[in-house]
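Q: Let's have the full structure, built from the sequences with the hints guiding it.
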Amino acid sequence: MTIKRMDNVAIVVDDLDVAVAFFTALGMELEGRMPIEGSWAGRVVGLDDVRSEIAMMRVPGAPGRLELTTYHHPEAITAEPEVSPPNTLGLHRVMFAVDDIEDTLARLRPHGAELVGEVVRYEDSYLLCYLRGPSGIILALAQQLG
1 MTIKRMDNVA
11 IVVDDLDVAV
21 AFFTALGMEL
31 EGRMPIEGSW
41 AGRVVGLDDV
51 RSEIAMMRVP
61 GAPGRLELTT
71 YHHPEAITAE
81 PEVSPPNTLG
91 LHRVMFAVDD
101 IEDTLARLRP
111 HGAELVGEVV
121 RYEDSYLLCY
131 LRGPSGIILA
141 LAQQLG
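The sequence shown begins at 1 in UniProt numbering and counts up one residue at a time.
Worth flagging that the hints you see were computed from the coordinates, not collected in a lab.
Worth double-checking, as some hints may not be accurate.
What follows is a set of in silico ranges between Cβ atoms, one per label pair, in the way DEER data are often shown [what the hints assert, rightly or not]:
1. L145 with W40: 42 to 52 Å
2. G117 with G42: 32 to 42 Å
3. W40 with D103: 41 to 51 Å
4. G136 with D49: 40 to 50 Å
Just so you know, these numbers come straight off a predicted model, no measurement behind them.
The beta-carbon is built from N, C-alpha and C at its ideal position, and this holds for glycine as well.
A: This is the structure we're talking about:
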């Protein structure tokens, strides 16, 4: 048995419009948006009376998609602490390769992006940074040098 592909990574957000705007500013495209509800949805995720909405974001011209999900019922819960540090167990971050890390940060800051640490240079290979986006999502950006 072989894995055919990784379809997407799902991220639960509190405000779908804000998250879509943030990832659009990053350079992703909205592939589609739709409500998800009904008994089948509840059986898949193990919650009763699920009503949610998803927005599928894609990387233009490349593989890789994010499924942004907001829950209307039951409401999403917040992990403790509300803004978890990068060493918290579980899904850590999503990394994107970018052409210009400073330009990308400048586009994302008006959408609430904040650096977790600093933009650092790894040898002569990469500029790297972690940033926090909507709903506390941690992203990593990597700009290849040379």
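Q: CB of L145 to CB of W40, is that within 42 to 52 Å?
A: holds (48 Å)
Q: Is 41 to 51 Å right for how far apart the beta carbons of W40 and D103 are?
A: holds (43 Å)
Q: Is 40 to 50 Å right for how far apart the beta carbons of G136 and D49 are?
A: Given a distance of about 26 Å, which is not inside 40 to 50 Å, the answer is violated.
Q: Taking 32 to 42 Å as the hint, is the beta-carbon distance of G117 and G42 inside that range?
A: Between G117 and G42, where Cβ atoms are some 39 Å apart, the hint holds.
Consistency with the previously given hints fails for number 4 only.
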